[in-house]
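Given chain A, put chain B in place with the hints provided.
Protein chains in written order, with my numbering: chain A, -17 to 71; chain B, -17 to 71.
Note that these hints are calculated values from the structure, not bench results.
Label-pair ranges, simulated between beta-carbon atoms:
#1 Asn42/A to Thr1/B: 40 to 48 Å
#2 Met49/B to Asp41/A: 20 to 28 Å
#3 Ser18/B to Gly17/A: 39 to 47 Å
#4 Gly17/B to Gly17/A: 41 to 49 Å
#5 Arg51/A to Asp53/B: 31 to 39 Å
Straight-line Cα separation of at most 30 Å, DSSO-like style, residue types lysine-lysine; simulated pairs:
#6 Lys35/A to Lys39/B
#7 Lys39/A to Lys35/B
#8 Lys35/A to Lys35/B
Short, incomplete list of chain A residues facing chain B, as computed with Cβ under 10 Å:
#9 Ala2
#10 His12
#11 Glu13
#12 Glu25
#13 Leu26
#14 Ala67
Glycine included, C-beta positions come from ideal geometry on N, C-alpha and C.
2 protein chains.
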Amino acid sequence: MFGFSLRSRRKPAKQSAETARDRLQILLAHERSTGSGPDCLPELQRDILAAIKRHMKIDNDAVDIRMDRGDELSSLEINIEFPAAEPSR
Amino acid sequence: MFGFSLRSRRKPAKQSAETARDRLQILLAHERSTGSGPDCLPELQRDILAAIKRHMKIDNDAVDIRMDRGDELSSLEINIEFPAAEPSR
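Just chain A, with the same shape it has in the complex:
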């Protein structure tokens, strides 16, 4: 499989309740051994974003999308920041 590695970035300085931000990151990679066939990335991007919006309140401006499409390897990266959930009392 792809060599994904997940490292959480260094935590920013103390975040006040107002500035606390949650982050959602999605990385999708489609490797095609014959170097042919559709990668369906645009459709997957649309449907994955719709799925996220069904469960989380996100602002379109806070969504950053990068797509890289090749014959054998296509990748999609979605980065979303949104206000942190209130700490449970």
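Below, chain B without anything else, positioned relative to chain A:
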């Protein structure tokens, strides 16, 4: 953001047309700065898989899912293998 890095694995020895396999890998990470609030991973997993199945013919047995849920960081990894598309003539 998370430090994702994407490395395509070393290509396997020559793949005959029958054994040629495409691979789709999805990595989702949700970092919650207040360490509270739902991560919605099960719902996102269900919806993302449904989105993939709308666009690609995949076999349930070929889907490998790993989920890791913490207070501040939850991650979901979906690995899918499926027969390669026919090379275009």
